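Asker: So the chains spell out like this:
Protein chains: 2
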Amino acid sequence: MALIVQKYGGTSLMDTARIKNVANRIKLYHEQGHQLVVVLSAMGHTTDYLVEMASEVSSEPGKREMDMLLSTGEQVSIALMAMALDELGVPALSFTGGQVGILTDDRHTEARIHSISVERVRPHLDEHKVCIVAGFQGVDQHSNITTLGRGGSDTSAVALAVALGARECEIYTDVDGVYTTDPNKVADARKIDRLSYEEMLEMARLGAGVLHSRSVEMASKNNMVIHVRSSFNNAQGTLVVPEDEVMEQVVVRGVSLKTDEARIAVVDIPDRPGLAADLFSRLAEAQVNVDMIVQSTGKDQKNTISFTVTEKTLNDSRRIVEAWLRDLESGSYEVDEEIAIVSAVGIGMKSHSGIAARMFQALANVGINIEMISTSEIKISVVVSMDDGRGALQAVHEAFELGKAS
Amino acid sequence: MALIVQKYGGTSLMDTARIKNVANRIKLYHEQGHQLVVVLSAMGHTTDYLVEMASEVSSEPGKREMDMLLSTGEQVSIALMAMALDELGVPALSFTGGQVGILTDDRHTEARIHSISVERVRPHLDEHKVCIVAGFQGVDQHSNITTLGRGGSDTSAVALAVALGARECEIYTDVDGVYTTDPNKVADARKIDRLSYEEMLEMARLGAGVLHSRSVEMASKNNMVIHVRSSFNNAQGTLVVPEDEVMEQVVVRGVSLKTDEARIAVVDIPDRPGLAADLFSRLAEAQVNVDMIVQSTGKDQKNTISFTVTEKTLNDSRRIVEAWLRDLESGSYEVDEEIAIVSAVGIGMKSHSGIAARMFQALANVGINIEMISTSEIKISVVVSMDDGRGALQAVHEAFELGKAS
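Chains R and V supply the protein sequences, listed in that same order. If you count by our numbering, then the first sequence holds residues 653 to 1058, one letter each, in order. If you count by our numbering, then the second sequence holds residues 653 to 1058, one letter each, in order.
Relax, there's no trap hidden among the hints.
For identical chains, the list gives no copy identity; a pair is met inside one copy or between any two copies.
List time: in silico DMTMM-like cross-link candidates among lysine to aspartate or glutamate, alpha-carbon distance up to 25 Å: (1) LYS781 <-> GLU708; (2) LYS781 <-> GLU712; (3) LYS679 <-> GLU704; (4) LYS672 <-> ASP700.
Worth flagging that the hints you see were computed from the coordinates, not collected in a lab. Since we're looking at a predicted model, the values are computed, not measured.
Here chain R stands alone, though its shape is the one from the complex (with noise of 0.2 Å):
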């Protein structure tokens, strides 16, 4: 008997007949004795479909009126699970984000949870019944509307299992849990059992998709235990947890490979104070999201600094190097797109020596050349040619022992 917070994504509510299956589901831990609160994302492709019709009445739809439309389409899950739970003869009530008081501030699209006011879901939940809430979504100051940004659902329901005080906060998805890497690339690939809140920061900013790096974050911050797991069978998923609950200290926890990124390298530009600064600055103004940095000196006294960003906004970096470039009066500037960057994540790496090198030997024994290399505390980063990169992870993930085998 305990509290448990259970968020179902997109894809586990494509239709109605899935819906019913979560229900199905919800139905067992309810009868078990557990208080429920359950988070929800909009079904399937709902979101894709109300963006297609603001693309339709507008070339670039206001963001207040974005939050408006696009916090229908959990209303419309949380409405339905409710009807299927009630249909099972289990008690159950919907919330949106305004209603069980999720109070953000005003960024619409991108807003930041300020406060939870749960007293409106906890007689319920003392009745026995299962809260249904509107995940992504929450209200500002004046009653507006707003959401929460990319995977905002997890947030969503890591902020309610919090602000409950839930045993743990069950993150239901489409896979059985994190992987030591991507199984469609590396058929040896394993589910990890548990890992720490740091190891599931980097490697969900390493597109590691299943959990959003804020709702890590604010997991990490609180101590609760997310449980990211499959709502298409029972079994045990990934435990993400304080680091000194993870039992096995394993040096590398998993791998990953990125191939949408391209790197500029910019050469011959002086060696003076603040011109990188300069250059990153203006790149974040435009929201470019820039992943690794290397610069380097010359005996010259000539810098090189080159960087990886996503070829997304390639056109947008081209045009503010130029720019700089031409403000500098000096350097030119090179881009390669055909690169990969492969990353070795794991907090052992803090307590143990020669992984880079480790890592480094084993791309070295197949013969893959490194282009670009960059370290952190608990995450080894290399930038290797595209036709390399599939090579590289494989190789990694073998040197490290991360597969079914070892």
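Based on these hints, arrange chain V on the given structure of chain R.
Answerer: Just chain V, lined up with the frame of chain R:
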């Protein structure tokens, strides 16, 4: 320069192209300097689609959750309209029923408006922004979302017009206004320029679908002028106004035909006080709407009660009548489904005598037999056989010179 409330129904909002059309119309008003509050229904078939999904997850969806579900339809409309207006350079903001302070009782799916607090929209109107409000919905005192039942968006619009002290409430629909009779049934039908609330109420009850009774009642109570007009052209529509503002005093304003009713005749029952009251209470409890009622007492002190009900409720009605007769231990009943009801409505009847006679004579002239008669201060209804329905409608329409040629 006036404050005007406009309401657009689902057919005016069938798709994003029509939403853009309506936005253009609103823009014209805005450019003329009017303050505008625009009330919207759900787009085209949205509600049907949502109801269909509800029926897929539940055999009997709860009313609270139904309101949570259906209210998303209007929310989508208002967000898209605000975007479409913004795209045209017209500043606009959308509001849900709750946000605009439409407080209702808690009778889900058929709530009544208690109060409206217009403080939320007033400042935006003063800044010359168009306020787009979701029709059909409100919230109860616990912030649960409620809906106002059939025709609810008309009621929202009139209530807002009253609360804001608007000059008039324009109800946009897919016809040019209120007609003397259904143009699909009588080619000669003519658009009415002005009619009184009482006349509109009677005609609405008779199925002149352009306005819902509750909205007319509310307008009547507050002397709010309703302008029923088409969203597909700029023609002047029909003004619904206080009785003393109806210039042209005609005897009969319009005539109608209903063919979806059945007549139940209960015969050979004792002439005892309270018997009829008992029968009609039972019918009311079962939500059976009784239209015409005629009672007559024969020489033998035996009573006959005839009444009409819609065919939808005929089975319920049969059951109730049978149970009532069992309790009485006397009498029997007959049902005639092959009937039509022809009604004439006009405030002029109050001051003119001989209207009923003129109507009966018109029917006699074309050889139509009257099976049942019921009159009120401003309405005369007759039951004829189903086959005679169209002919009767035509004859009465001509008798009162309602056609275009007149």
